[in-house]
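**Student:** Sequence:
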Amino acid sequence: MALGYVTFITIATVCIGVTATCALCVRASALPRTIAELEDRGRSIAPYLGVTLLVLLVKRWTHSRRLDLSYALDWDITAEIYAVEGSFVAGLQSIVPDALIGFFSAMYMFGFPYLLVSALVLYFLLGTQRRFKQLLVAYALNTLVGSVFYTLFVAYGPRNHLSTVNGLMYEFYPQTQELTAEVSANTNVFPSLHTSLAVIVALFAWRSRREYPRWFPIASVVATLVVFSTMYLGIHWLIDVVAGIVLGIWCVLTAERLVARAEGEPVSTSDDRETGLTTETND
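When we follow the UniProt record's numbering, the leftmost residue of the sequence shown carries the number 1, and every step to the right adds one.
Treat the hints loosely; a few may be bogus.
[Stated by the list, open to error] Label-pair distances were calculated between CB atoms; the ranges are:
| hint | residue 1 | residue 2 | range |
| --- | --- | --- | --- |
| 1 | 73 | 160 | 37 to 43 Å |
| 2 | 185 | 33 | 39 to 45 Å |
| 3 | 209 | 98 | 31 to 37 Å |
These are computed hints drawn from the structure, not numbers from a lab.
Note that the coordinates shown come from a computational prediction; the quantities given were computed from them, not determined experimentally.
All residues carry an ideal CB built from backbone N, CA and C; glycine is no exception.
Based on the sequences and whatever the hints tell you, model everything.
**Tutor:** Next up, the structure:
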């Protein structure tokens with residue numbers, strides 16, 4: 001019952017957020033133009049969408065098997081992470097007021113999917129589908145690399161390893177644990193995929209700031225709050241977050257190259273074409 005309720009609230013919140021973001025960021029002409037070009041856009045993105053969905057489905061289907069393999073390998077790096085980082089997360093929790101637990105829990109549960117879905121909708125509404133394709137590829141790469149790391153390494157978050165760190169969200173809102181348990185395990189810590197995906201969206205928002213000038217400040221603020229929430233709530237270590245940032249940057253750069261190669265165009269021209277800018281050259 002709790003799982004269904006939390007899922008419904010999450011979907012409803014994300015839908016409201018995406019609608020508000022589109023109203024704020026998207027020109028009125030974009031929707032009718034998208035509807036008129038829907039069939040052509042669908043054909044254009046179909047291969048990328050298919051690959052991304054396949055990656056997500058395989059990840060879901062193999063979740064329990066990968067978890068069993070991870071436990072069998074038993075490469076537990078939790079102690080090593082703690083040896084490097086120490087009690088950073090415990091210190092973070094001690095200086096942030098408890099009154100903000102609800103806010104950061106909402107950022108983790110609702111702000112994160114809001115970022116992912118909003119980015120997809122916004123870039124699908126653009127006249128060209130290049131950024132949409134790049135975003136799909138970045139999501140797929142993030143899922144693949146994250147699944148490999150989560151299979152190879154066992155790592156428990158601060159709330160599971162340190163008595164001085166509390167799992168704040170799960171203590172105050174225990175119903176959320178059912179939803180998170182459906183898509184992840186408590187050993188899925190290094191790197192933080194909440195961080196890497198938030199970074200991916202923020203970087204795309206920066207790259208598309210000419211098309212969507214209002215989207216960049218929204219995405220950057222929400223992404224920062226999501227990343228911070230992963231540590232404050234005791235779910236991830238600082239090292240997980242740093243690794244997530246590196247992974248997010250790599251996914252964006254690699255996705256741009258892969259899409260440019262698939263489309264038969266030089267990587268360096270992709271952003272110029274997207275924004276309508278031209279590169280001047282000296283003869």
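**Student:** Is the gap between the beta carbons of residue 73 and residue 160 within 37 to 43 Å?
**Tutor:** violated (19 Å)
**Student:** Is the hinted range of 39 to 45 Å satisfied by the C-beta distance from residue 185 to residue 33?
**Tutor:** holds (43 Å)
**Student:** Quick check on a hinted range of 31 to 37 Å for residue 209 and residue 98, using CB atoms only.
**Tutor:** About 36 Å separates the Cβ atoms of residue 209 and residue 98, which means 31 to 37 Å holds.
Checked against the numbered hints above, the structure violates only hint 1.
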